[in-house]
Structures are given as C-alpha cells and as structure tokens.
Amino acid sequence: MSLEVLLIPIGLAALAALREIRSTDLCEKCKATRITDQALLVQALTGVGASNLVEADGRVTAESRFGSLTFQRVGATYLGRVDGADAVVTAEMLTDLDRSVGEITQMRSMNRIRERATELGLVLLSERNEDGSIQLVFEQAS
Amino acid sequence: MTKRITVTIHADGTFSAESSGQAGTACLDDMTVIEALCDSGIVVGSNLTPEYFTEAQIVRSHQAVSFATEEDLSS
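Order-wise, the sequence lines are chains A and B. Just so you know, we're using our numbering here: the first sequence kicks off at 15 and counts up by one. Just so you know, we're using our numbering here: the second sequence kicks off at 6 and counts up by one.
These aren't lab readings, by the way, just hints derived from the structure by calculation. Please note: incorrect hints may appear among the correct ones.
[Unchecked claim] The calculated lysine to any residue pairs, modelled on SDA-like cross-linking and capped at a C-alpha distance of 20 Å, are:
1) K8/B x E153/A
2) K45/A x E18/A
3) K8/B x R87/A
4) K8/B x K43/A
5) K8/B x V103/A
[Said to hold, decoys possible] Derived contacts from chain A toward chain B, CB cut-off under 10 Å, selection only:
6) V19
7) R48
8) Q52
9) V56
10) Q57
11) T60
12) V62
13) D110
14) I118
15) F152
Idealized CB from N, CA, C, for every residue including glycine.
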C-alpha cells in the first residue's frame, strides 16, 4: 500500500467538533454524541428500540428501556440524556445508541461505495467481514 | 502492477481506504479516485505508507543507474 486515507461518514462529527461541543452547557446533564444528522439520530433510536419519538427542529424526545430521552442539537452536534437519571445511565444509553449509529453508517457506506465503484468502473475483487469490519477490495477495470 | 483500492468500513461507521499498485508518486493520483469512491465520507487525514517510500527509493535508484549509463555513452 502506498497511500492511506481516513474518512468519517457524513452525518457524524469530527473529533474537533466533539471537543468543542463538550465545553457547552446548553442542555443540562446532556452528554455529547457524534451525530450531526437528525434523521440518523431518529434511525439509530429506532434501532435500539426507542418508541414514541417526537421530533422538532434540533430536538428529539423518545421513550426507551433506560427511561425518557431528550436530545438537543447544540452547534452541529446532538447532545443527549436520560431524563432524571444519573450520568452512568446516560452513558450506557449513549453507548447503546452509538453502536446503532455505527451499524447504520457502516451499511450506508458499504452500499454507497459499491454503487460508486460501479459508476467509476471499479471491479469488486473481494469482500471480507472480520471483527465487525467490512473490507472491500476493488481493482481498476482495464 | 494493477491498481487496487482497499476500503475498510469499521464497526463504528468510520472507514479508511488504501491504494496499491502504483509506483512512487503516481499513487498520489489515487486520492482523486478514493474521494470519488468514498463520497459518503469526509476525509479527515491521509498519509503515505512506508511502502511508498520504499517504492520511491527503488524508482530513484533506477534513475541513478540510467544517468550513469547516459554519461558512459557520452564520454
């Protein structure tokens, strides 16, 4: 290999944005997520079994096995909490949510990359799933 | 060598892409292909792998041999 490129899916924040958001205090007891896209947040909440989702611009509430949830967009990123719960419960909920975000973005990215590869004339040589990561190897069609 | 692009999509949704099969600086052109292929993501970093420098050295040493040959011919 000669060149390596690292990417973050659209809809997720870069680390710099996360550091910035952690310093804000506009949502009491909320913790930062890496989500910047409300549609992705709603899909991820559905993925972890949340129900009664109510959406407004930059705000989402829901019911979950952890209790009532509130998410608020602050800057570019969403912050979230389990209403009335301590930080440990909120952290558990966000870990669960983040796993769901990972699964969704992984599938989205894989489908989009395959689609683009066809458009660019790249041939899929192999596809391997290892430790939760999916590796796709493409070759330039001659 | 045939140009290959390897994309690894991690469980957390982030992904990385690597190119191979291009000698030396030619691999830098692969950045355009990678960006076009991975348009669902934002590039947050890139680097040349150790193999790049190995390949670049091989290319340079071949060039040195060529120069020596040309000098021999002209003298």
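Against the structure, the hints:
1. K8/B x E153/A: holds (6 Å)
2. K45/A x E18/A: Outside the cut-off at roughly 32 Å; violated.
3. K8/B x R87/A: With Cα atoms ~43 Å apart, K8/B and R87/A exceed 20 Å; violated.
4. K8/B x K43/A: Not OK: K8/B and K43/A at ~50 Å, beyond 20 Å, violated.
5. K8/B x V103/A: Outside the cut-off at roughly 49 Å; violated.
6. V19: holds (5 Å)
7. R48: Check passed: Cβ of R48/A comes within 9 Å of chain B, closer than 10 Å.
8. Q52: Result: violated, 16 Å to nearest chain B Cβ.
9. V56: Since chain B brings no Cβ nearer than about 16 Å to V56/A, farther than 10 Å, the hint is violated.
10. Q57: Check failed: Cβ of Q57/A comes no nearer than 12 Å to chain B, outside 10 Å.
11. T60: violated (16 Å)
12. V62: violated (15 Å)
13. D110: violated (13 Å)
14. I118: holds (7 Å)
15. F152: holds (5 Å)
When the structure is compared with the earlier hints, violations turn up for hints 2, 3, 4, 5, 8, 9, 10, 11, 12, 13 and for no others.
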